[in-house]
Amino acid sequence: MHNEQIQEHFNNRNVTEADSNYFMVDIAPYPTDGWGKFKRVVKRSFRGELFVGLWVVLREMIRFNIHTVKYPEEKMPIGPRYRAVHEMKRLWESDTERCIGCGLCEKICISNCIRIDTKLDEDSRKEVTEYSINLGRCIFCGYCAEVCPELAITHGGEYENASDQREQFLIFQDMLTPLEKMKAGTQKEFEGFGAITPHEDERVKKTPLAY
Amino acid sequence: MSKITINIDGKEIQTQEGEYILNAARANDIFIPAICYLTRCSPTLACRLCLVEADGKQVYACNAKSKEGMSVVTSTQSIVKERRAIMEVYDVNHPLECGVCDQSGECELQNYTLEMGVDAQHYAVKDVDRSDVDWGHIHYNPGLCIVCERCVTTCKDMIGDNALKTVPRGADALEAEYKESMPKDAYAMWNKLNKSLIGLTSGEEMLDCTSCGECAAVCPVGALVDTHFIYKSNAWELKQIPATCGHCSAGCQISYDVKHTSIDNTEEKIYRVMNEWNYVSLCGAGRYGFDYQNEVKSKDAAAFTKAIEVFKKADTIKFTSTITNEEAYLLQKLKEKFGYRLVNNEAKAFQTFLNDYSEISGTKLYGYDLEATHNANFVISVGTAIKSDNPNARYALNNSMTVNKGAGIYFHPVKDPVIEGLGKSIMTMYHAPLQEEVVLYLILDLFGDKEKLPSEVVEYLASFHSKKTITVEEIIKEEITEIVKVMKKNEESGEEEEVEEEKKKMVPKKISKEVEVDDNRLLDILGADDNFMEALEKNLAKKDTFALIAGADLYTHPNSKNLARLLALIEKYSAFEITMIPTLTNSLGVALICELDEEEGSMRIGYNTKGDFTLSALGDGDLDMPAINQQEGTLTSINKRVNPTNAAIGYGGYELNDIANALGLKAELVINYTPMLPTDKGFKAKMFDDLPNHYDNDGTEHRGYVLDNVAVKVSGDESIAAFSEIKLEGTLIYMANPVRQFTDFTNKATNLDEVSGVYMSEEFLSKSDLKEGDSVRVKSDNGELVANIVSDNKISGDIILMPTFDSKINSGALFSSYRFATASIEKV
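Sequences listed follow chains A and B, in order. Under the numbering used here, the first residue of the first sequence carries the number 1288, and numbering increases by one thereafter. Under the numbering used here, the first residue of the second sequence carries the number 20, and numbering increases by one thereafter.
No wet-lab data here; the hints were simulated from the structure. Don't take each hint at face value.
[Unchecked claim] Simulated pairs of lysine-lysine, DSS-like, Cα-Cα distance not exceeding 25 Å: (1) K1406/A x K767/B; (2) K591/B x K580/B; (3) K1394/A x K288/B; (4) K258/B x K1394/A; (5) K1493/A x K145/B; (6) K258/B x K1406/A; (7) K100/B x K145/B; (8) K1413/A x K288/B; (9) K1394/A x K251/B; (10) K331/B x K354/B; (11) K1413/A x K258/B; (12) K145/B x K214/B; (13) K487/B x K532/B; (14) K198/B x K211/B; (15) K288/B x K1406/A; (16) K251/B x K1413/A; (17) K1492/A x K145/B; (18) K1493/A x K198/B; (19) K557/B x K532/B; (20) K1492/A x K100/B; (21) K278/B x K1394/A; (22) K278/B x K1406/A; (23) K211/B x K145/B; (24) K1413/A x K278/B; (25) K496/B x K522/B; (26) K1493/A x K100/B; (27) K1406/A x K251/B.
My request is simple: use the sequences and hints to build the entire structure.
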């Protein structure tokens, strides 16, 4: 359908019109007196509707042709833009962590759940000494991934947050892509907010260089 | 200087004749971009952003002076082009490291790049290696440096260390075509920028200065950073607590920047100290000595009960002047109620001195403040080791030398290379200890108005003058005629021939002459150079505002009464504007609020000083007290201001007010006493919460309030006693601290690393068989102590400094009350 038609279709809320696409569900009138209610109870109890439902279950069970996902053995694939538990990415070139410790994620976090400690390291660079996300507070809004200038902090697909306590902290090492994964080349880029858009290169104004 | 009206962008504004256009605009909330200009310093002309059009001519607002009726336009098409080009140039090769830069967005380069709308780069030059360097307490990253030279300017014009300068960058020359294609000023600015970086004047690898950190504070980008702060926190995470520095009597405006300690520890911690550097300059103690708090988590009820019992038995409270006005007032109330003796020797000496001074001056307080010194062009400092007693007084002295093209005389027994480094126009006179009296007589003699001075004083001064005949050698130019042979073309024959010619020429000739000159015996007594008067005359040319700074050597001098009266006479009968340096943080406040006693009783309570029962904010006493950075209250500064300070970090224990409440005084908070401070001494009945703590754009100070200088009845007796020629000789010791140290509180601060000991100059050590680190016994008439030698290159000469910042070395025991004493030194 074209957009205008859809618009028209949904805008027509007049249920009484014959061609309005609305129809009434066939519902018997509700019993109003005590006797009527009693009759309804008896009817519902002894008509065997329960067994209709049980039969469906039994039939599907012995058929072994199940359409539901067998969680937790099976898991649905998660969309690349899904915002679940955070990940810290590494650089493809050197396998070192991308995080430069700028603290923008800490600043932008609207639920104030990110904290970061930094110091000067031996190579006189900024080093992240500690980094924590309080998942008990995180609302998975995605601002941290969006603001990150280095595409370092991103959201991942890990959504299983069941825990025996409300507060669970993520630390830097937990989030960082394992080195084996880097060696195997299976680190996945996040495609949600904050990721580079497809034609970024064409939009950049180049700075002249005198080399 | 008179008020004039100028017109900036159609707005009529009032300003002073000769005020820089930039300052006039800023004072009236008109924005003119500028990076390199620092208020109170001389214009640097590095950034050229402050281009404006004054009466149709392009000028730099930072060094163009206002004239009556001037019409200024802050932005024209060509100025906009220049400014945009300048900001593009600043961005050339500037690393895109904003994410890790310690400036973290408080960056003038960022701000102006956005302000000028720089969205593309048109210029390029090959970069040179600009790796970062560690200069000790300052870290320099030349990669981020835009060479605005603000650090150099403040170090020269305000601090007086001259520790920084521009050094060659070693870059390739700019491409020739830029000269044509670029706006003129932008090219000139780039040409200069491309040739320079910041380096150390000394040529050494580490900074050797008085370590104030002002260069890092004024840096508009993240090029100069305090080493202790590198990569510790983003600026936006820090909460600013407005406060007053509690280390010395300057009472500088500061803000403590606080944040939680770490991820694991949510307790607040002070990360750094910031200041309004356009209007106030800090010293190293103020900037780096911030973590002296007394960390007390809970109330020690047992110690408190004991303290109350002791307070019921004791008859004396000894305390130091590191105390707020409110607590001093509390002590005074306790005295009135329970009859304690209040003992604070240093404040007592200052109090007595002030009282003696007011007998002639007719005012409770000295007449002026350091602002007067900043504005003066002839400054005298007497009786103070100015650089360590009150660094701000030294900055004021230096500022008047550099910006007002002033001159001055520094009278002090201890030779000081830092003061000598302030320039040629400051004359130093290293007199012998106890001769401060002669110095004041000399000042009165040189500058006093002899017609108005009491006649006996004039007669007394005249008795030192005599005429003497001396032979002076003079070089004069004399005209002589000599005959020279020159080759000349004979016009008739056309041949060259030798001709004799007479030539007149001027040659210098030495002659000796006998002249009758005035001989001033006061100068001889002080040991002045023969050419002192000549140099002074030269320095006094074109000087019209005079300031005098007097310090603690005078208050403790055996003849302090006479000195106080002399100072009052100088103020009354000469052009000098007098400021006295209160000995410690709040000596002035204590001197005004408390009735102090001299004799101690038998049962003494010590507050921040040793007693039979000690209340201490240093954490080493019988009951803990909060340090100044954990207290609310007011401090009285050298500028006679009552400045408010706030608690930067938490304190869980008891404070003096709790004790006072337990003893029957009633106040929920100690700041409830702020409006009760004695109005008859000049304080005002103002609530603590109503006290402001900021500066206006034009530099007007809104901090607390200024004390009223209450009038005192004078007897009319202006007589002064003759001086004695006694002076201390032999091996001398002087009670003074190294720069950046004042008390045990500065000693406790982790970033102030001065070691305690016996401070000797390098010069003295090289002459003796002693060396740094040796343990020596110092013995005077009053006592003796053993400590290690520390070599100090910030003093020279033979006088040995005995610091008081470490109470483990009880320097006070060596002195009677005067800051100098004779002593013997032996190696142990």
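Assess, step by step, whether the Cα of K1492/A is no farther than 25 Å from the Cα of K100/B, and give holds or violated. holds, 20 Å
Taken at face value, is the distance from the CA of K522/B to the CA of K496/B at most 25 Å? holds, 16 Å
Given the hinted pair K1406/A and K251/B, is their alpha-carbon gap at most 25 Å? holds, 6 Å
Restraint status (C-alpha distance of K1492/A to K145/B at most 25 Å): Roughly 19 Å between the alpha carbons, so the hint for K1492/A and K145/B holds.
Please work out if K100/B and K145/B have their alpha carbons no farther apart than 25 Å. Judged against 25 Å, a Cα distance of about 24 Å means the pair holds.
Restraint status (C-alpha distance of K258/B to K1394/A at most 25 Å): The given pair, whose Cα atoms are some 13 Å apart, holds under the 25 Å limit.
Regarding the pair K258/B and K1406/A, is the alpha-carbon distance no greater than 25 Å? Satisfied, since the Cα-Cα distance of roughly 19 Å is no more than 25 Å.
Would you check the hint for K1493/A and K198/B, treating anything up to 25 Å between C-alpha atoms as holding? With a Cα-Cα distance of about 23 Å, the restraint between K1493/A and K198/B holds, given a limit of 25 Å.
Within 25 Å, alpha carbon to alpha carbon, are K331/B and K354/B? It holds: about 12 Å lies between the C-alpha atoms, which stays within 25 Å.
Tell me if the straight-line CA distance from K251/B to K1413/A falls inside 25 Å. holds, 9 Å
Just to be careful, I want the Cα atoms of K591/B and K580/B compared with a cutoff of 25 Å; is the pair within it? Within the cut-off at roughly 17 Å; holds.
Check the hint pairing K198/B with K211/B against an upper bound of 25 Å on the C-alpha distance. Status holds; Cα separation ~13 Å.
Hint compliance for this structure: no hint is broken.
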